[in-house]
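Trainee: Chain residues, written in single-letter form:
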Amino acid sequence: MSGVLLLLLLWPCPSAVAEWRVFKYADIENGDQDTLRFYRKWNESIFVMIILKPAIPGVFANRLPLYRIDSNPLHDLKLYGKVRTNKDSWVKWEIDNGQGPAKENLTEFIKGKIAVFQYYKPDGEICETVFSLDKADEAISELLK
Amino acid sequence: MNDWKMLGGIIFTVIFFYFCQTMNFPVAWLWLPVLVVMVFYFQEGFWKIETLQWIHLLLAFYAIWVLLSFLCHYFALSMLNPNSYITVHRNQIGWGISFLFEFTQRYLFAPVLFLSGIYFFSGRNRYRHICWLPLLFVPSMGVAVYQGLIDKSFLNPNGLEICGLSRDASAFGISLFLLIPLCLVGLITFSNPWRKAIFGSVAGLILFCVLLRGQRTTLLGIMAFGIFWHFIRCWVYRLPVFRISSKLILYIFLIIFFFGSIFVLGDRLDKKKSLYLIHEIKNNIYDLNAYGVGFLYRRKIEARIIKARIAAKLTLLSPISGWGPGGFIRNMNNIRFIEGKKPIPIHNAANHYLQMSSDMGIMGALMNFSLLLAPIIYAFKNGKSVQGINNRWHLAILCSTLMIFLFLFLSGPHTLSLDVLFILSAISGSILTDLNGAGGSFAKIHFWKWLFIFSGFTLFFLYGVYDNSFGKNGYIARQKAPWWPLKNQYGLYPEEKLNGNRMQWTAKETVQRRKATSNIIGFKIIAFPYNIERDKGLVVELQVNDTIAGDYHFFHPGPRYMYYYFPKMAKTEVEIRTAVNRTFNPSELGINRDNRNLGIAMGPIRFLRIMPAEGVGFYDWETGNSNPIAEWPRHVPLRFRWTNIQASLNLTDHTDETATLYLMCAHPDMDKKPVVVHVLSGNTISVKEVFKDNGWRRINLTLKEIDSEIVTIRVNRTWNPKFFGVSGDTRNLGVAVAIPEGQ
Numbered sequence: 001m002s003g004v005l006l007l008l009l010l011w012p013c014p015s016a017v018a019e020w021r022v023f024k025y026a027d028i029e030n031g032d033q034d035t036l037r038f039y040r041k042w043n044e045s046i047f048v049m050i051i052l053k054p055a056i057p058g059v060f061a062n063r064l065p066l067y068r069i070d071s072n073p074l075h076d077l078k079l080y081g082k083v084r085t086n087k088d089s090w091v092k093w094e095i096d097n098g099q100g101p102a103k104e105n106l107t108e109f110i111k112g113k114i115a116v117f118q119y120y121k122p123d124g125e126i127c128e129t130v131f132s133l134d135k136a137d138e139a140i141s142e143l144l145k
Numbered sequence: 001m002n003d004w005k006m007l008g009g010i011i012f013t014v015i016f017f018y019f020c021q022t023m024n025f026p027v028a029w030l031w032l033p034v035l036v037v038m039v040f041y042f043q044e045g046f047w048k049i050e051t052l053q054w055i056h057l058l059l060a061f062y063a064i065w066v067l068l069s070f071l072c073h074y075f076a077l078s079m080l081n082p083n084s085y086i087t088v089h090r091n092q093i094g095w096g097i098s099f100l101f102e103f104t105q106r107y108l109f110a111p112v113l114f115l116s117g118i119y120f121f122s123g124r125n126r127y128r129h130i131c132w133l134p135l136l137f138v139p140s141m142g143v144a145v146y147q148g149l150i151d152k153s154f155l156n157p158n159g160l161e162i163c164g165l166s167r168d169a170s171a172f173g174i175s176l177f178l179l180i181p182l183c184l185v186g187l188i189t190f191s192n193p194w195r196k197a198i199f200g201s202v203a204g205l206i207l208f209c210v211l212l213r214g215q216r217t218t219l220l221g222i223m224a225f226g227i228f229w230h231f232i233r234c235w236v237y238r239l240p241v242f243r244i245s246s247k248l249i250l251y252i253f254l255i256i257f258f259f260g261s262i263f264v265l266g267d268r269l270d271k272k273k274s275l276y277l278i279h280e281i282k283n284n285i286y287d288l289n290a291y292g293v294g295f296l297y298r299r300k301i302e303a304r305i306i307k308a309r310i311a312a313k314l315t316l317l318s319p320i321s322g323w324g325p326g327g328f329i330r331n332m333n334n335i336r337f338i339e340g341k342k343p344i345p346i347h348n349a350a351n352h353y354l355q356m357s358s359d360m361g362i363m364g365a366l367m368n369f370s371l372l373l374a375p376i377i378y379a380f381k382n383g384k385s386v387q388g389i390n391n392r393w394h395l396a397i398l399c400s401t402l403m404i405f406l407f408l409f410l411s412g413p414h415t416l417s418l419d420v421l422f423i424l425s426a427i428s429g430s431i432l433t434d435l436n437g438a439g440g441s442f443a444k445i446h447f448w449k450w451l452f453i454f455s456g457f458t459l460f461f462l463y464g465v466y467d468n469s470f471g472k473n474g475y476i477a478r479q480k481a482p483w484w485p486l487k488n489q490y491g492l493y494p495e496e497k498l499n500g501n502r503m504q505w506t507a508k509e510t511v512q513r514r515k516a517t518s519n520i521i522g523f524k525i526i527a528f529p530y531n532i533e534r535d536k537g538l539v540v541e542l543q544v545n546d547t548i549a550g551d552y553h554f555f556h557p558g559p560r561y562m563y564y565y566f567p568k569m570a571k572t573e574v575e576i577r578t579a580v581n582r583t584f585n586p587s588e589l590g591i592n593r594d595n596r597n598l599g600i601a602m603g604p605i606r607f608l609r610i611m612p613a614e615g616v617g618f619y620d621w622e623t624g625n626s627n628p629i630a631e632w633p634r635h636v637p638l639r640f641r642w643t644n645i646q647a648s649l650n651l652t653d654h655t656d657e658t659a660t661l662y663l664m665c666a667h668p669d670m671d672k673k674p675v676v677v678h679v680l681s682g683n684t685i686s687v688k689e690v691f692k693d694n695g696w697r698r699i700n701l702t703l704k705e706i707d708s709e710i711v712t713i714r715v716n717r718t719w720n721p722k723f724f725g726v727s728g729d730t731r732n733l734g735v736a737v738a739i740p741e742g743q
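Respectively, the protein sequence lines represent chains A and B.
Residue 1 is where the first sequence starts when you use my numbering, and the numbers rise one by one after that.
Residue 1 is where the second sequence starts when you use my numbering, and the numbers rise one by one after that.
Think of the hints as simulated: they come from the structure by calculation, not from any bench.
Since we're looking at a predicted model, the values are computed, not measured.
Where a beta carbon is used, it is the ideal one built from N, C-alpha and C, also for glycine.
Do not rely on the hints blindly, as some may be mistaken.
Far from chain B, by Cβ distances over 12 Å, these chain A residues were calculated [unchecked claim]: (1) GLN33; (2) ARG37; (3) LYS41; (4) ASN43; (5) PHE47; (6) ILE51; (7) HIS75; (8) VAL83; (9) TRP90; (10) GLY100; (11) THR107; (12) ILE110; (13) GLN118; (14) LYS121; (15) GLU142; (16) LEU143.
Below, computed lysine to any residue pairings styled on SDA-like, alpha-carbon distance capped at 20 Å [unchecked claim]: (17) LYS571(B) / ASP123(A); (18) LYS524(B) / ASP123(A); (19) LYS113(A) / ILE610(B); (20) LYS497(B) / ALA601(B); (21) LYS111(A) / LEU143(A); (22) LYS121(A) / GLU614(B); (23) LYS121(A) / TYR619(B); (24) LYS113(A) / THR517(B); (25) LYS571(B) / VAL130(A); (26) LYS121(A) / PHE607(B); (27) LYS497(B) / ASP32(A); (28) LYS78(A) / ALA613(B); (29) LYS121(A) / ARG502(B); (30) LYS121(A) / ALA613(B); (31) LYS497(B) / PRO54(A); (32) LYS113(A) / ARG609(B); (33) LYS121(A) / GLY558(B); (34) LYS480(B) / ARG233(B); (35) LYS121(A) / ARG606(B); (36) LYS497(B) / GLU125(A); (37) LYS121(A) / LYS480(B).
Could you build the full structure based on these sequences and the hints that come with them?
Mentor: Listed below in C-alpha cells is the structure:
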C-alpha cells in the first residue's frame, strides 16, 4: 500500500513541465499567450524571438525590452547589435553566432529556470512577460542537432 | 366604541394604501397609526391575561424574534467599516442595512396588521364587513384598466406591467386573487339587490383586471378556488361531497366554458393585445410545442430552482435563526460564489417558506407558518359550531382562500408586499372574529407556563442570531473566511471592463492588501473629467504600507502609470491605500443610472521583477537651458528628471566606486517650510538633505558602503506649479535629480 502511495507521489505531474514545441524552431507559449522562440538561421547563427499576442502598436518602436534569467545580470537589448523588430509584436536578436561552443547568453537560457522580459507600452505602462525554461535545454539541443 | 374602531380602521386603511403604496410615503411614518391600533388592542384585551389565546402569544413572540434578529444584525453591521463589503460582489454595509430595515418593517407589519385585523373586525357581526374591502381597491383597478387599455406608463413605476395604484405589479396580481372571494362573500351573503349588483360589478372588474395583468399565479389561485367551490358549497349546506348533482355538472360546464372562451376567442376579442394573460398562456403553449419542455423549464422554472437551492443552503448554514431580515438578499451571491457560480440579479427567494427559513431560520419560519395556519386550525376545530348559512359561507370561502394562499406561497413571498399582507391579515382577522362571535374558543392558554416556554425558545433563537451576526459565523468571521475574496479591501467596487481593460472604480478612500511578488509595485490610474476641478484639479494620493508613495494632481482626464520600489517588500503582504479629494456620482450628473460615488478607476496592481533601466518614479528627462552646476562637465547639457514623492534607480552600472547625484528642490515656500530629502540604499538612510533654497546640491554615494544596488530618493512633500500659479506645469514635483553621464 505504501509503495502505491509513494508511486503516486512521485508520479510526474505533466502540467508542471513546460510544453516546448520543436520543429524548425523551438518555442514555448506562456499563460499570457506570448511566445519565446529559438531558431537557427542558414549561417548557423541562433536567434531568440519574443512574440507578443495580441500585438501592441508601437511597443518596440522606441524602447527595446530588458530581460533577465533567474538572478543573472540584466540584458538590455538596446546594447545588442543584431536586433530586429516589427515594432508592434515581435523582437528578435542574435544570441549566438553558432561557431564554437555555446556562448554565455545562450547558456543562460539552457541552464536557467525562469526568463523575464520587460517591455514598455507607448502610453507609459511597463509590462513583463515570464517564460519557464524548464526543459529548454532539451528543446534547444534538439534544435541544434 | 365600535363605531370609533370602525372609523379608525378605515382611516388607517386609507393612509396605509394611498400614502404608503402609491406615493412612496416612507413606511416608517406608518408606525404611528399602527401604534395607535396596537395600544387600543392591548388596552382592551392583552392585559386581561385570562382572555389570551394562542394567536396572541404567537404574534407577540414572532414580533420579538424579528426585533431581536434586526437589532443583532444591525449592530453587527454597524460595527464594520462602512466601506467594507458584505457581499462578494458589489454591496457595502449601507446597502445591507437598508435591506435589513426594509425587511424588518415588512416582517413586523405581519403581526401588527394581524392584530389590527382582529381588532378591526371585533364586535358583533363586524367580521362581515370584510366583503367591502374590494371597494377600497376600485380606484386602483380603475387605474389598472386605464394602464392596460390606454397608457401602461400612467402612474406606473415599472411601466412594463400594469399595477394599478400599487408599486408592485406582482402584488397587484396577487391582490386580485384575494379580492375575488371577498366579492363572492358579499354577493352571496347580502340579499339587497343593489348590494348584489355592486359586488357583481366589482367581481367583474377584478376578473377583467386579471386578464389585463396576465399573472399566472393569480390564474392558478382562481382555478384552485374554482375546484374548492364544490367543497365549500357542500360544507355550507352540509351536503355529501361526492354526490353528482345537476348543479355540479352545470358548474363544471361553466368553468370549462369560461376558460375555453378565453383561449378560443382571446385574439379576436383583444385586437390590441392588452389581455396579457391570453398572450402569456399562448406563448407558453407555443414555446412548449416549438422548443420543448427543456426550453420552458430554463425560461420559467430554472431561476426559481436556483433561488430555492440558495435559500435551502442558507437555511442549512444557519438553521436556528437564519441570516436576519433581508438575509437572503444580502447573502445569495455569497453562496453562488462559494459554489463557484456566476452571480445572479438580486431577488427574493421566490418561495415564501424558503424566504422565511433563510431570513428567520427554521424556528422563525415555523412561527410565521403557525401564524398563517392558526385561523385555518381554528376554523377546522370550531367551524361546526358556526350557525347560519351566511356565517358558514363567510367562513368557508375565506378559509379556502387562505388554504389556497398557503399553496401560492410556494411561488413567492407574496406578503413582502404590503397590499397583499394587508388583505391576508384582514381575512385572517375576519375568520378569527367570525369564530369568536360564533362562540368558538381557540385554546385559551396557561399564560405564565407558555410565557416561560416561549422565553426558552427565544433564548435559543437569540443564540442562533448572535452566532450569525457577532459569533463565529458572523459578519467579521465571514469576511475572514477562506472563500471571501474581498477580505483585504474596502472602498473598491467590483471589477468591470472599461474600454476592454479590467478596472475597478474606487470610492473616496480605499484599502487593499496584496501579496507582493517583487519589490517594485505598479499602478494604473484613470481619472475622469467629472471630478476634476478646473483650478484645483483632482488630488490622488497613493500609500504603500503607511508610506506615502506618490501624490498627484490630475488637471486632465486620462490614464497614468506609477511605479515604486520598496526594498524587502517581495513575498510580504502589503497594504495599499488610495485617497481622492473628490468623488462624482454619474446618476446625479445625469451621465447614466450608476448611483455610486466614484473616485478614480484603477487597473490591476502589478509587481515588476526587473527594475527598469531608467529607474521608477521619475518624470521624463528635461534639459536645462543653462548649466548652474559648477562641477558639471563642460559642453554636456544638464539633463535631469523630477521625482514625485519618491523615485528609485539602479546604480550597479556605475563603474566608479562613488556615484555622484545632483539634487535640487524648487518649492516656492521652502524658505518658510524646508523640504527634506532622503537618499536611501535599501532601507538605510545614506544621506539626508534639508533644502531651504533652490540651488543644486552635490551628493556623493560610496557604492561599497551602500547595502543595496538600488537607491531611492524621497522628499517629504511635493508642490504643484499650476496650483501655485507659477506655471502651467500640472505635475506634482519633489526633487530634480541629475546624474552626470559616464558614471
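Trainee: Now, for every hint given, state plainly whether the structure supports it.
Mentor: Right, here's what the structure says about each hint:
1. GLN33: Holds: least Cβ distance 16 Å, greater than 12 Å.
2. ARG37: 21 Å, holds
3. LYS41: Holds, since 28 Å exceeds 12 Å.
4. ASN43: ASN43(A) is indeed farther than 12 Å from all Cβ atoms of chain B, at 31 Å.
5. PHE47: Consistent with the label, PHE47(A) stays out of reach of chain B, its closest Cβ about 22 Å off (over 12 Å).
6. ILE51: Answer for ILE51(A): holds, closest chain B Cβ roughly 19 Å.
7. HIS75: Given that some Cβ of chain B is not farther than 12 Å from that of HIS75(A), nearest at about 10 Å, it is violated.
8. VAL83: Non-interface label on VAL83(A) holds, nearest chain B Cβ at 15 Å vs cutoff 12 Å.
9. TRP90: Per Cβ check, TRP90(A) is outside 12 Å of chain B; nearest 20 Å; holds.
10. GLY100: 29 Å, holds
11. THR107: The claim holds: THR107(A) sits with its nearest Cβ about 20 Å from chain B, beyond 12 Å.
12. ILE110: The claim stands: ILE110(A) keeps its Cβ more than 12 Å from every Cβ of chain B (closest is about 20 Å).
13. GLN118: 5 Å, violated
14. LYS121: 9 Å, violated
15. GLU142: For GLU142(A), whose nearest Cβ neighbour in chain B is about 28 Å away, the distance exceeds 12 Å, so it holds.
16. LEU143: At about 26 Å from chain B, LEU143(A) clears the 12 Å cut-off, so the statement holds.
17. LYS571(B) / ASP123(A): 29 Å, violated
18. LYS524(B) / ASP123(A): Distance ~11 Å between LYS524(B) and ASP123(A) Cα, so the pair holds.
19. LYS113(A) / ILE610(B): 16 Å, holds
20. LYS497(B) / ALA601(B): 10 Å, holds
21. LYS111(A) / LEU143(A): Roughly 16 Å between the alpha carbons, so the hint for LYS111(A) and LEU143(A) holds.
22. LYS121(A) / GLU614(B): Given that 20 Å is the threshold and the Cα spacing comes to 15 Å, the pair holds.
23. LYS121(A) / TYR619(B): It holds: about 16 Å lies between the C-alpha atoms, which stays within 20 Å.
24. LYS113(A) / THR517(B): 17 Å, holds
25. LYS571(B) / VAL130(A): Measuring from Cα to Cα gives roughly 18 Å; hence the hint holds.
26. LYS121(A) / PHE607(B): Roughly 16 Å between the alpha carbons, so the hint for LYS121(A) and PHE607(B) holds.
27. LYS497(B) / ASP32(A): Holds, because 18 Å separates the two Cα atoms, which is no more than 20 Å.
28. LYS78(A) / ALA613(B): 11 Å, holds
29. LYS121(A) / ARG502(B): Satisfied, since the Cα-Cα distance of roughly 17 Å is no more than 20 Å.
30. LYS121(A) / ALA613(B): 15 Å, holds
31. LYS497(B) / PRO54(A): 18 Å, holds
32. LYS113(A) / ARG609(B): 14 Å, holds
33. LYS121(A) / GLY558(B): Status holds; Cα separation ~15 Å.
34. LYS480(B) / ARG233(B): 60 Å, violated
35. LYS121(A) / ARG606(B): The given pair, whose Cα atoms are some 14 Å apart, holds under the 20 Å limit.
36. LYS497(B) / GLU125(A): Holds. LYS497(B) to GLU125(A) sits at ~18 Å (cutoff 20 Å).
37. LYS121(A) / LYS480(B): 38 Å, violated
Hint check: violations occur at hints 7, 13, 14, 17, 34 and 37; the rest are consistent with the structure.
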